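Chemist: Whole structure, please, built from the sequences with the hints as guidance.
Protein chains: 2
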Amino acid sequence: MTNDELKRLRIEQRLLDRQVMDYSIKILGPYYAKRRDAVRKIPKFWSSVIGETEPLRPYITYDDSLAFDTLNDFWIEWDLVDSRNVVLSFSFGDNPHFGPQTLTKRFVWREIVSEEGSESGEGFYESDMATCIQLKSGVKLLEQHLQGGEESFFTLFGYTKTDKLADRQENTLIVQTLVDEIFPAAIDLYNELHEDQDIAEEYDISESD
Amino acid sequence: MTNDELKRLRIEQRLLDRQVMDYSIKILGPYYAKRRDAVRKIPKFWSSVIGETEPLRPYITYDDSLAFDTLNDFWIEWDLVDSRNVVLSFSFGDNPHFGPQTLTKRFVWREIVSEEGSESGEGFYESDMATCIQLKSGVKLLEQHLQGGEESFFTLFGYTKTDKLADRQENTLIVQTLVDEIFPAAIDLYNELHEDQDIAEEYDISESD
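So the sequences go chain by chain: C and H.
Take the first sequence: its position 57, counting from 1, is numbered 56 in numbering that gives the first Met the number 0, and each next residue is one higher.
Take the second sequence: its position 183, counting from 1, is numbered 182 in numbering that gives the first Met the number 0, and each next residue is one higher.
Keep in mind that the hints are not guaranteed to be accurate.
Restraint-style ranges between C-beta atoms, simulated for each label pair [claimed, not checked]:
id	chain 1	residue 1	chain 2	residue 2	range
1	H	Glu-115	C	Glu-180	29 to 37 Å
2	H	Ile-111	C	Gly-28	25 to 33 Å
3	H	Ser-64	C	Ser-113	33 to 41 Å
4	C	Glu-150	H	Ser-64	36 to 44 Å
5	H	Thr-60	C	Glu-115	38 to 46 Å
6	H	His-193	C	Asp-93	47 to 55 Å
7	C	Arg-109	H	Gly-98	45 to 53 Å
8	H	Glu-150	C	Gly-92	44 to 52 Å
Straight-line distance between alpha carbons at most 25 Å, and here's what the computed DSS-like set of lysine-lysine pairs gives [as the list claims (entries may be wrong)]:
id	chain 1	residue 1	chain 2	residue 2
9	C	Lys-104	C	Lys-160
10	H	Lys-135	H	Lys-104
11	C	Lys-25	H	Lys-25
12	C	Lys-104	C	Lys-163
13	C	Lys-6	H	Lys-104
14	C	Lys-43	C	Lys-33
15	C	Lys-6	H	Lys-6
16	C	Lys-43	C	Lys-135
17	H	Lys-43	H	Lys-135
18	H	Lys-25	H	Lys-104
19	C	Lys-104	C	Lys-135
20	C	Lys-104	C	Lys-43
21	H	Lys-6	H	Lys-43
22	H	Lys-40	C	Lys-6
23	C	Lys-43	H	Lys-6
24	H	Lys-40	H	Lys-104
25	H	Lys-6	C	Lys-33
26	C	Lys-25	H	Lys-6
27	C	Lys-6	H	Lys-25
28	H	Lys-104	H	Lys-33
29	H	Lys-43	H	Lys-33
30	H	Lys-6	C	Lys-40
31	C	Lys-104	C	Lys-33
To be clear, the hints were calculated from the coordinates, so they are not data collected in a lab.
Small disclaimer: the values here were computed from a predicted structure and weren't measured.
We put the CB at the ideal spot given by N, CA and C, even for glycine.
Modeler: In structure tokens, the structure reads:
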């Protein structure tokens, strides 16, 4: 049956795509490390790239943006055994919500397994525990968002495997967008946003170092 | 200067991305060949995948769709020396505009070289000659489109390097979308379009072969 045949092809491609992904991480790893240091010098590099990418834009609320504007590093570590498992790190500077801190969270890929026990080619990201944000004031920004159901990028850090299906789908989309689209293409995305501007004029960096 | 630094990083990544692309073609080649035979059996597989992908949708006019609905094969050959150079092949069945034929066209990547002679990380697709479509009636569909300036997917076959900048940009976008987005993700794209339907019900295929 062709429906099954399509599914088999899809699973076969998933395995090959993963092989290519592993190769890509190996080949691009040293480059990403170099890029990491370079873009750290550009204010709002990561906040503009993450905040302006379509599926994520609605999640960066005005409140979020106050913290996001200080985001000076975004980094991914891939699990050596299964590169679909990732640790995401976001380093923020001092902002109205919280002092300088790096928020780290691990996401594990759960493949939906069919009745016969084979991979389905579909799945979602799961996370064992919430990452605490040490807030400045007494206001619990994250909890407010979670309880009020308001969209916020920071609910990603509160996401755990006990969350309901809709949250699972939303957070999976966020992680996939960060890992598959934003991280690899960050410089291109940044350039697209600043195409018509003279990038050099936007920030002042001493050329002496 | 950081503007230059960003540009250098971009070019460095282009070279590494190409290395990953070469590996991907090697690893996925046999799979693509298998997929090619499988999807040939699914009516409108390629027309729906190409016609429903956002940047290409406006190019498939109603007139185009009459031919596109008979598209039973779309295939890419990559240049072994530089995998950015591609030959695209589209096999159509009998349709109101033309009889069964395979339209093939080669696109060569031209990197825009900076003043110092280094790669810029940007470029466009060029093509040496137009591909003739043997039309059924006396009506010259393609020429009509070209002269009238109306958008049509088939103007891609008429594209040559003497065309003006706007056409170069448009055709480059079309080729990049076909090569980088549609071809690798074809089955996923098809599934997304048919998610809520029972795919099996849509076509009738004997299981005896």
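Chemist: All hints, please: hold or fail.
Modeler: Results for each hint:
| no. | hint | in the structure |
| --- | --- | --- |
| 1 | H/Glu-115 with C/Glu-180: 29 to 37 Å | 32 Å, holds |
| 2 | H/Ile-111 with C/Gly-28: 25 to 33 Å | 28 Å, holds |
| 3 | H/Ser-64 with C/Ser-113: 33 to 41 Å | 36 Å, holds |
| 4 | C/Glu-150 with H/Ser-64: 36 to 44 Å | 38 Å, holds |
| 5 | H/Thr-60 with C/Glu-115: 38 to 46 Å | 45 Å, holds |
| 6 | H/His-193 with C/Asp-93: 47 to 55 Å | 50 Å, holds |
| 7 | C/Arg-109 with H/Gly-98: 45 to 53 Å | 51 Å, holds |
| 8 | H/Glu-150 with C/Gly-92: 44 to 52 Å | 47 Å, holds |
| 9 | C/Lys-104 with C/Lys-160 | 13 Å, holds |
| 10 | H/Lys-135 with H/Lys-104 | 20 Å, holds |
| 11 | C/Lys-25 with H/Lys-25 | 17 Å, holds |
| 12 | C/Lys-104 with C/Lys-163 | 19 Å, holds |
| 13 | C/Lys-6 with H/Lys-104 | 31 Å, violated |
| 14 | C/Lys-43 with C/Lys-33 | 18 Å, holds |
| 15 | C/Lys-6 with H/Lys-6 | 41 Å, violated |
| 16 | C/Lys-43 with C/Lys-135 | 22 Å, holds |
| 17 | H/Lys-43 with H/Lys-135 | 22 Å, holds |
| 18 | H/Lys-25 with H/Lys-104 | 22 Å, holds |
| 19 | C/Lys-104 with C/Lys-135 | 20 Å, holds |
| 20 | C/Lys-104 with C/Lys-43 | 21 Å, holds |
| 21 | H/Lys-6 with H/Lys-43 | 42 Å, violated |
| 22 | H/Lys-40 with C/Lys-6 | 15 Å, holds |
| 23 | C/Lys-43 with H/Lys-6 | 18 Å, holds |
| 24 | H/Lys-40 with H/Lys-104 | 24 Å, holds |
| 25 | H/Lys-6 with C/Lys-33 | 13 Å, holds |
| 26 | C/Lys-25 with H/Lys-6 | 22 Å, holds |
| 27 | C/Lys-6 with H/Lys-25 | 22 Å, holds |
| 28 | H/Lys-104 with H/Lys-33 | 23 Å, holds |
| 29 | H/Lys-43 with H/Lys-33 | 18 Å, holds |
| 30 | H/Lys-6 with C/Lys-40 | 15 Å, holds |
| 31 | C/Lys-104 with C/Lys-33 | 22 Å, holds |
In terms of the numbered hints stated before, the structure departs from hints 13, 15 and 21, listed from lowest to highest.
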